[in-house]
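If you're matching them up, the sequences are chains A and B in order.
When you line the first sequence up against the working numbering, it's residues 31 to 249, in that order.
When you line the second sequence up against the working numbering, it's residues 5 to 400, in that order.
Among these hints, one or two may not hold up.
[Said to hold, decoys possible] Only some residues are given here: those of chain A computed to face chain B with a beta carbon under 10 angstroms:
(1) Val94
(2) Arg98
(3) Glu118
(4) Gly189
(5) Arg190
(6) Lys228
(7) Lys231
(8) Glu235
(9) Glu238
Treat the hints as calculated values from the structure; they're not laboratory data.
Glycine residues also receive a C-beta, built at the ideal position from the N, C-alpha and C atoms.
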Amino acid sequence: MTHSTSSKSQRTAALLVAAAVLAVTVMGVRSATAARPQLQPDSAPARTSKRSQPGRYSVTGRTVLINRPRQEVYDFWRDAANLPQFMEDLESVEVLPSDDGTATGTKTRWTSRNAIGGLESVDISIVHDMPGEMIAWKSADGAMVDTRGKVTFSNAAEGRGTIVTAIQSHAAPGGMVGNALAKLWSGDPALQMRHALKRLKMLLETGEIATVGHDAPKT
Amino acid sequence: MRAVTWHGKHDVRVETVPDPRILNPRDAIIEVTSTAICGSDVHLYDGVVPGMQKGDILGHEFMGRVVEVGADSTLNVGERVVVPFTISCGSCFFCQKTQFSACDNSNPVSAQDATEASYGHALSGLFGYTHLTGGYPGGQAEYVRVPFSDVGPIVIPDGFEDDTVLFLSDILPTGWMAAENAEIEPGDTVAVWGCGPVGLFAIQSALLMGAETVIAIDHYPNRLQLARGLGAKIIDYSQTRVSEALMEMTGGLGPDAVIDAVGMESHGFAPDRLLDRAKQAVGLGVDSAHALREAIYACRKGGRVSVPGVYGGFSDSFPTGALMQKGLTLRSGQTHVQRYSKELLHRIADGEIDTTFLISHRLPLEEAATGYHNFAFNQNDWTKVVLKTPASGWSA
Ligand SMILES: [Zn+2]
Ligand SMILES: [Zn+2]
Chain A
31 MTHSTSSKSQ
41 RTAALLVAAA
51 VLAVTVMGVR
61 SATAARPQLQ
71 PDSAPARTSK
81 RSQPGRYSVT
91 GRTVLINRPR
101 QEVYDFWRDA
111 ANLPQFMEDL
121 ESVEVLPSDD
131 GTATGTKTRW
141 TSRNAIGGLE
151 SVDISIVHDM
161 PGEMIAWKSA
171 DGAMVDTRGK
181 VTFSNAAEGR
191 GTIVTAIQSH
201 AAPGGMVGNA
211 LAKLWSGDPA
221 LQMRHALKRL
231 KMLLETGEIA
241 TVGHDAPKT
Chain B
5 MRAVTWHGKH
15 DVRVETVPDP
25 RILNPRDAII
35 EVTSTAICGS
45 DVHLYDGVVP
55 GMQKGDILGH
65 EFMGRVVEVG
75 ADSTLNVGER
85 VVVPFTISCG
95 SCFFCQKTQF
105 SACDNSNPVS
115 AQDATEASYG
125 HALSGLFGYT
135 HLTGGYPGGQ
145 AEYVRVPFSD
155 VGPIVIPDGF
165 EDDTVLFLSD
175 ILPTGWMAAE
185 NAEIEPGDTV
195 AVWGCGPVGL
205 FAIQSALLMG
215 AETVIAIDHY
225 PNRLQLARGL
235 GAKIIDYSQT
245 RVSEALMEMT
255 GGLGPDAVID
265 AVGMESHGFA
275 PDRLLDRAKQ
285 AVGLGVDSAH
295 ALREAIYACR
305 KGGRVSVPGV
315 YGGFSDSFPT
325 GALMQKGLTL
335 RSGQTHVQRY
345 SKELLHRIAD
355 GEIDTTFLIS
365 HRLPLEEAAT
375 GYHNFAFNQN
385 DWTKVVLKTP
395 ASGWSA
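With the hints as constraints, model all of the structure from the sequences given.
Spelled out as structure tokens, the structure:
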């Protein structure tokens, strides 16, 4: 994943560092004996850090526990035709021929309805596939949306099923047009991912998706 | 069909609404015969629970006949069923641990965001409650759609009158779980705040579980008499200093376990209650927790605190010091109804538990508004209201 930092955010970062140094200095005067311990990286995933991740991509991730065998969960996700069942914004997923002409499901076209009701498509390729363990994908070069993601499947503690973690990153929008396009395309990625994983869990654990027969409440 | 709908504070109506239909393979449609008004419906009626929308169909205590089933339902058309108020999938982590009211899969995904944000985890789906728990149309209606009908509904054999089994839907297992959460041991004294339906069933359950003494606390004479009739000692808090009385009645020890069967609309005249009420009035989501504070204060050192009473928001002046310093255990939660259905049906069949003593009024569904008004404002005489639909064949 590439990172590039604009000069504006460099200036902001410099100001923040200066403020932090000042704060530490003031605190140091108040309690000169309280040496601050060196921070060690903790066990939590980077996406849960309090510090915002600099760079061109905004990353969102979410983990869900699914009470089904790992291989079954992987197989369901790997079959591209299943994706619209739990990604509610997807209208359809079409399997495209691979470079060698076979349809292995590694090249797909995802079509979704945007906020103004039009259909938008983006081509997605699986870039890494570890059966039963992980699927990683990215959008085609030059696509309107620059997105990449992966989903991992691991065994939960005995009897608890499978831990499914999906991580998706979107390129930070370039300028006003890019911003608008990205919003039209993706809405709120964190919310979409959370909802998609919960729907996947419902579908695999119960065979259906809970509904009261109409759209989200207006609360 | 006809259904009881919510329109705002102290405004419920009986209206004609569209019939429910099968939406998912595990659904069934139930033709309701009997349905009760619950104390937690009164919280909705009083407008102290957020997430209601005009026109929502109320009711989570209901039973009736199966009239339609989805492809994966295990029910048969014509069967009589009582339906638990908690909607549970039967296969998630929580359902498999029999923590049915914590089911992960029954609250529609879009409705989960609100409680995930406010409580840290999304709540499960409930019938006839707020949109925080899915906004499922409730059972105070002629027909109800029941999701996961292969998991929840209790099939009732012939020979039981509706009124003898209806409360398996909520208040009987809720009272039972409240007593179970009190971890009663031989010789124990259990004090129960609130002689509403849940409190009375908690009293009955605590005695069945072997409590030496149960002390019931309320101020409505009729409700206290019902508690006495079950075998409890009683304290009328309008004429007695409760904490002092509990100490004197337990050999200076304090009750071994305390049960708060009152919840967020606690009455009383203590200063903490006035502050709670002032804040509730300005909509800060403050639970009036007077009974819970008093229960924690009274509980003996190392004792158990069981909270079946409904709370939704925050409470001020929660006695964390007393909880920790006295080494109390606190247990609470919406009832895992499905965990208790079979056992309690057996106890009813064996004549060990009678639930009909509670019912003070039976009304046709059409007169639901009368039932709500009196259940809310004349709590002394209206202890439990059962609404009867035309399909029940009941007449006054
Ligand atoms: Zn109830
Ligand atoms: Zn469940």
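Cross-check of the supplied hints:
Annotation: A/Val94 was flagged as interfacial toward chain B, and the flag holds, the nearest CB pair being 9 angstroms apart, inside 10 angstroms. About 9 angstroms separates the beta-carbon of A/Arg98 from the nearest beta-carbon of chain B, less than 10 angstroms, and the hint is met. For A/Glu118, the suggested interface contact is upheld, since its CB lies about 8 angstroms from the closest CB of chain B, less than 10 angstroms. Taken as an interface hint, A/Gly189 checks out: its beta carbon lies about 8 angstroms from the nearest beta carbon of chain B, inside 10 angstroms.
The criterion of a C-beta within 10 angstroms of any C-beta in chain B is met by A/Arg190, whose closest approach is roughly 6 angstroms, and the hint holds. The interface hint given for A/Lys228 is met, as the beta carbon of that residue sits about 5 angstroms from the closest beta carbon of chain B, less than 10 angstroms. A least Cβ separation of about 7 angstroms between A/Lys231 and chain B falls short of the 10 angstroms threshold, and the interface hint therefore holds. Because the closest C-beta pair between A/Glu235 and chain B is about 5 angstroms apart, less than 10 angstroms, the hint holds.
Below 10 angstroms, beta-carbon pairs count as interface contacts, and A/Glu238 has one with chain B at about 4 angstroms; its hint therefore holds.
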